[in-house]
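Undergrad: Single-letter residue listing:
Protein chains: 4
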Amino acid sequence: MLKNLQNYKEKCVGFINEGKVASYIPELAKMDKNLFAISVANKDGSVISTGDYTAKFTIQSIIKPIILLLALKDNGLNVVKNIVGVEATGKPFDAFNYSDQALTSEHINPMINTGAIALCTLIKGNTYQEKFDRLLSLHKKICKNDSLEVDTKVYLSEKATGNKNRALAYMLKAYGLISENVEDVLDFYFKACSISITSVDLANMAHFFAFKNTNFNGEEIVNKKDIQNVCAILATSGMYDGSGDFALNVGMLAKSGVGGGIMAISPNKMGVGVFSPSLDGKGNSVAGIKALELISNDYDLSIY
Amino acid sequence: MLKNLQNYKEKCVGFINEGKVASYIPELAKMDKNLFAISVANKDGSVISTGDYTAKFTIQSIIKPIILLLALKDNGLNVVKNIVGVEATGKPFDAFNYSDQALTSEHINPMINTGAIALCTLIKGNTYQEKFDRLLSLHKKICKNDSLEVDTKVYLSEKATGNKNRALAYMLKAYGLISENVEDVLDFYFKACSISITSVDLANMAHFFAFKNTNFNGEEIVNKKDIQNVCAILATSGMYDGSGDFALNVGMLAKSGVGGGIMAISPNKMGVGVFSPSLDGKGNSVAGIKALELISNDYDLSIY
Amino acid sequence: MLKNLQNYKEKCVGFINEGKVASYIPELAKMDKNLFAISVANKDGSVISTGDYTAKFTIQSIIKPIILLLALKDNGLNVVKNIVGVEATGKPFDAFNYSDQALTSEHINPMINTGAIALCTLIKGNTYQEKFDRLLSLHKKICKNDSLEVDTKVYLSEKATGNKNRALAYMLKAYGLISENVEDVLDFYFKACSISITSVDLANMAHFFAFKNTNFNGEEIVNKKDIQNVCAILATSGMYDGSGDFALNVGMLAKSGVGGGIMAISPNKMGVGVFSPSLDGKGNSVAGIKALELISNDYDLSIY
Amino acid sequence: MLKNLQNYKEKCVGFINEGKVASYIPELAKMDKNLFAISVANKDGSVISTGDYTAKFTIQSIIKPIILLLALKDNGLNVVKNIVGVEATGKPFDAFNYSDQALTSEHINPMINTGAIALCTLIKGNTYQEKFDRLLSLHKKICKNDSLEVDTKVYLSEKATGNKNRALAYMLKAYGLISENVEDVLDFYFKACSISITSVDLANMAHFFAFKNTNFNGEEIVNKKDIQNVCAILATSGMYDGSGDFALNVGMLAKSGVGGGIMAISPNKMGVGVFSPSLDGKGNSVAGIKALELISNDYDLSIY
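Protein chains in written order, with this note's numbering: chain A, 837 to 1140; chain B, 837 to 1140; chain C, 837 to 1140; chain D, 837 to 1140.
Every clue listed holds true.
Note: identical chains are not told apart, hence a pair may lie in one copy or across any two.
Pairs of lysine to any residue, SDA-like flavour, derived with a Cα cap of 25 Å:
(1) 1061 x 838
(2) 917 x 1138
(3) 909 x 1132
(4) 1061 x 851
(5) 1060 x 1133
(6) 856 x 1012
(7) 917 x 854
(8) 917 x 1085
(9) 866 x 991
(10) 995 x 961
(11) 1118 x 939
(12) 866 x 985
(13) 1048 x 1104
(14) 1048 x 1135
(15) 1105 x 1132
What the hints contain is simulated information worked out from the structure, not anything from laboratory work.
Quick caveat: nothing in here was measured; it's all calculated off a predicted structure.
In isolation and in its complexed conformation, chain A is listed as follows:
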């Protein structure tokens, strides 16, 4: 059981200056580079934290595992695999490059933007509002936080400037992988990425994946195998094209977001949430990765 986090902050804040805050979404660029937080949800569910653990930031790509989980729950693995593949692509998170010109499901990974956008269309609901309500509801349960909500400023900023995602979405439509109205799908996706969270929420989220909690107040709302499949995909693709280095240095299952958060899973042991908005060239939190590396080494958390 991990009890003291204080010293990790001291050892990590020095790395903040090796990266920089995401600039491609205007509203994200305003974040305070020096914020830093670690939260750990131990086996018993108790959470300890250090640093700016009450500071809010947007979840960004860390919502992708939840989108995938709900798509799996609503459709099953086979339907999901008709639209997205499960192999690492070796490409950046917003890659355009489909070298054989015919975009097919096997070129798409659910942890990169193209795949996550495609999966939004698989979430059940009569309207995109209903779909989003279902996603947020599941996310609240997983984070044990009923007050989660969308950061409207970031959402509108992404919606106004997210032309690369627009291009990816129209490409999916052009190749018949999605059929719905592109702006509706993107609106859902931009909202989902803009859910406002803290490091505590991420620790709880990681705890859910670490212990594969399928039961919420007596109701089995998700399937254990679906959770495990999400974890398996995180192993190869959760840290974008930095997943290999992360496997060597940390060895946890993790998902990062350009908001500066990382959710890190130690199966059957603990869930960790870190937050530090200064990013490396691959879009991962520099000081966040450092913190996870130290914790993993100290508590022998590598799954390999």
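On the provided structure of chain A, position chains B, C and D as indicated by the hints.
TA: Relative to chain A, chains B, C and D alone:
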């Protein structure tokens, strides 16, 4: 001077069944596969034709040389080259594949969709209606046909289904190569591609490029060097990734469109327009290329 | 502790006809498609087997983790990472495609041919014979089998026909990633791939990685962190561009070879070796993967 | 008829410092950067020159049109097209990048290294010595220079260091596009690239293509259509991925070599040879292109 075209039709219609009508735009798919026309504008400007030379079809990509010409006239070569390159890309007309992830002008050719869409933003005019009026006006003069107009059905069909072009346009915007409203730009582009023409119009258009007519009723509306630059680009890229084969077999400067037209230029000798909507795998009219091959051989038109 | 393997054979042999024996090396094409074996090395080191567990086959790519391990031991991680990256490439095992023209270490993964060939040059030894003797010696210890030797027929067949590997090696040299004589390096690599093994050897090899045995008769010949790093790379890249699917369906750390073998690691639990030379389109044993899927499900071996 | 070249030298030498001498072959790196020559073969065959027109340099890629011509003569267009395509590839002269993994003839252009190496195997002869003697013999006739010979130092330097070409050749063999001994083929290719010439030789060579001389002392040794096909391919691919810019700025048919030479064809008008070893980033002579641009503008030589 070319006087008789009758025998070319007989020799070419047999090739119609080797291709098929474009299907990716619903309205284009309705074209009669058996239509076939050749028109030749001789040095003196007189035009002779055979076959369905009164049949109308949409110009599609054959408008690209006019878009490029007007962009050059309005901005000069240096400004144009900041946005599009002039090298053949070795890729299909609607290619997505920019292998180094950072889309720059040198990856774009004005004869493929990405480049032509980008150039639309360089045409001067206070509104997109004004820009389009200027393009159509120049096109009418070049084709010596004041009644040219947009085929509304095809235009609306392209606008409704042109998601690949939408993706390409948002990609241009995401990489900062265009800054205007994407739907405005695409509306202009879809309209421009939907101008309704005949083989006679194409012959006149080719005649303009063949003789570099810069003077219209005493007014020098275009620059000879700009026309020549457009011709030079047609040599490497006018027939998409079939430009090399066309150079060997025909040796004229040409531009094809998926509507089934080909405009073929024999510098200082003649302009040829052919029409046959059955296309090969690269989007070029099968019987149209055959006709040009026969004419080029008979009249020694290869520039090489 | 896994005690009975009999029923797995029955459940798996039906999948043999879904694949085919590797044909690109003439000598490999002669293998009997119907051979099938499973061996399991339990925690205490005892091995149980079923099927053709005495049948010999060449190790092929399963030697790559040993090459990497010895390169790490001889040079440390930093030197190794100057030559090969650790990210999944999303490409087949013999891929040529380096899209930005400048081949650098980050494009190369030690589990694909280019990377493994490059690593051969890092193994210490005054001559390539000495280097190979050191590799084979380590491999014998890891497999607890002192009689391992090269299958000369397969080695000579690969050497005679391995032109794609030759091309990859000359590319490495052209880009300055290796500097030694290409034929010497390839001779080493072809020999290493042609070591003749059984499913029992693979089970022992997997057991070594599963329990990170660093101590051989009192001598610590390898470093625990190096072994763990090899395991981490197997997670993202061990099953080529089928690693993602394997993570979902099996969840063990594994390396396959086109000889039909798979070495599968269950950390701290057991090591498994399977053999069935009928391969799927990605070069992995079809019935072998099926066997691992069944065993993993029955004994809850997924690490995710 | 072009009579005076003196002023072109003055206008061009200033551009020498914008480029640099080829460094990738050690022996080439020794060339004197300040050498500069222009030779023009007028319609009547008379040659005028300026500058260092007696300076010798190696032909390098300018031999590619002769290799293609002899391959066409020996096999016909259809056989040649089974091995090389005729489309521009949009890639550098030594490109590796075949994005769909299966290298087929349509990915290869005879003016880039891969294609030229492949074509060497199509030249008839019982031995590679005999093949080379036939190539050199044809080249001597075309250049009207019986004393042409290989520069042994450059040839041996290329042979010793040409690992990228070795990689390309083994790739051709791996994909079944060539079947002969790779070192034999490369030896032929390196020798062919190392033929020592002057700007006068290039002017005569260009004159041959410009007037399609098929008759040598009463013997028709080449076919007019084959010569024209070579010229057509030069239009799209002769100046590597700078062919488009060259078409706009010069508009002649040309082939450059990293030795600093350019052979430039003005069909039915003249042949031009330029030499200046300082190259731009695409491997073309900087001052040489400038000279051709000035001459083309002065004498209206653009074919477009």
